[in-house]
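Sequence order for the protein chains is L and F.
Residue numbers for the first sequence follow my numbering, so the first one is 17 and each next one is one higher.
Residue numbers for the second sequence follow my numbering, so the first one is 5 and each next one is one higher.
Note that these hints are calculated values from the structure, not bench results.
All clues given are correct.
A short, non-exhaustive set of chain F residues, derived as facing chain L with CB atoms under 10 Å:
1. PHE37
2. GLU103
3. VAL118
Pairwise CB distance ranges (calculated):
4. F:GLU135 with L:GLN95: 31 to 39 Å
5. L:ALA50 with F:PRO110: 28 to 36 Å
6. F:GLU6 with L:ARG53: 49 to 57 Å
7. L:ALA207 with F:GLY139: 54 to 62 Å
8. F:ALA46 with L:GLN54: 46 to 54 Å
9. F:GLY124 with L:ARG43: 22 to 30 Å
10. L:GLN54 with F:GLN107: 22 to 30 Å
11. F:GLY139 with L:PRO97: 48 to 56 Å
12. L:MET17 with F:ARG137: 21 to 29 Å
13. L:PRO97 with F:GLN107: 40 to 48 Å
14. F:GLY43 with L:PRO97: 20 to 28 Å
15. L:ALA231 with F:GLU31: 54 to 62 Å
16. F:GLY139 with L:ARG234: 38 to 46 Å
17. L:GLN248 with F:ALA46: 36 to 44 Å
Every residue gets a Cβ at the ideal spot worked out from N, C-alpha and C, and that includes glycine.
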Amino acid sequence: MTCEKIREQLTAYLDGELEGDRGTPVRGHLRTCAACRQVATDEAALRDGLRALPPLDPPPSLWAGVQAQLAAAEVRESQRPAWRRALSRWAPLAPRFGMVLGACAAATVLLAWRAHRHEETAAPSLAQQTPATQHTPVAPPPPAPAPPPAPVVAPAGDVSADLAAEPARISGDSAQAATALLATARAEIAAWPADRKQAFEARLSELTAAADAAAEGRPKQRAYRDLIRYLQNAAIREEVALR
Amino acid sequence: MEMLYHQFKRRVFGMAHRIVGPNDAEEVAQEVFVRVFRGLAAFRGDSALSTWIYRLTVNASLSHLARRGRRQEISDDNLPEVPATPEPERDPGLAARIEACLQQLPAGYRAILVLHDVEGLSHEECAAILECRVGTCKSQLHKARARMRDLLGPMGVAK
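Just chain L, same shape as in the assembly:
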């Protein structure tokens, strides 16, 4: 083992962390290498010196200072409105409340999703059963009390189609918003210096291309969100700054 490797292990060795065989290479090396032995001796002396440092007594004024600060804090606390005192009392529990609320929200979403899936799977089976019962030649049923009306289940196809059209609808709305904002932004940037205008146009074409190229759904929504944010920053902030 090289001196460098041994010195890396010296602290652990001197603190008794290399038990048994793990300490043998260090011990063996120290017997033969005077330089490393010197380093080990110095480190042991330093460690012992640090351990032997006397405890430090605080000045008597420390306790008086602590009491004075606590008293001052109490006075400040008593002068705050009651609602703020209550708020600060509950503030430490906020993360726990947040977790509980989060868990409740997650449970609600899960239940809603499961109910929705149940409806989806129930609807086709009803649709399949109905024609079969119509074609089976059966004797006219005996007069029986009228069955309770079946729950009205929306055809599964309608919901799916609606859901499938949702991303395109959102993208359409985003495109409209972007167009409206762009008109505002263009009015605002008319007064900008040429280099700033150029930078705006470059960034705008970059973001527009990204929005056009993005796949329908989340990627497109994200791209439009970036574009809209940029336009808002360019137009609205400028407008606010100029007022």
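Position chain F relative to chain L; hints supplied.
For chain F alone, coordinates are given in the frame of chain L:
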């Protein structure tokens, strides 16, 4: 409350003294005890009370140093001149020299040396106080001692 103060006053003051130096130690210790007493009701017992108090002490000390703008790293090029004792037999002034050299160390090294070597806490306790891994603690201690050896020069004891 006063019992708790007397139980921890030496350690809290000692740690603060050795991390921030003698001039600001009282101010930091005072801040720690105020935080302890005001936060005691909210102490959830996730760790030992002593670990929590030491963590407050180390954090308050390091924050104090940061506020004071004294948390600069000492590079090898500008190690301060600390007079080394030429006499290698026995060094009666070793404690004073160690205290002086401690103040020359970067704050992080100072904290680990004070916790592990001065206060005698285990690596596990130091890791819990400094909120780092045990391995990080060990390597920091190794580097801190090496830096202290450089600052102290040849030692005159245990020979």
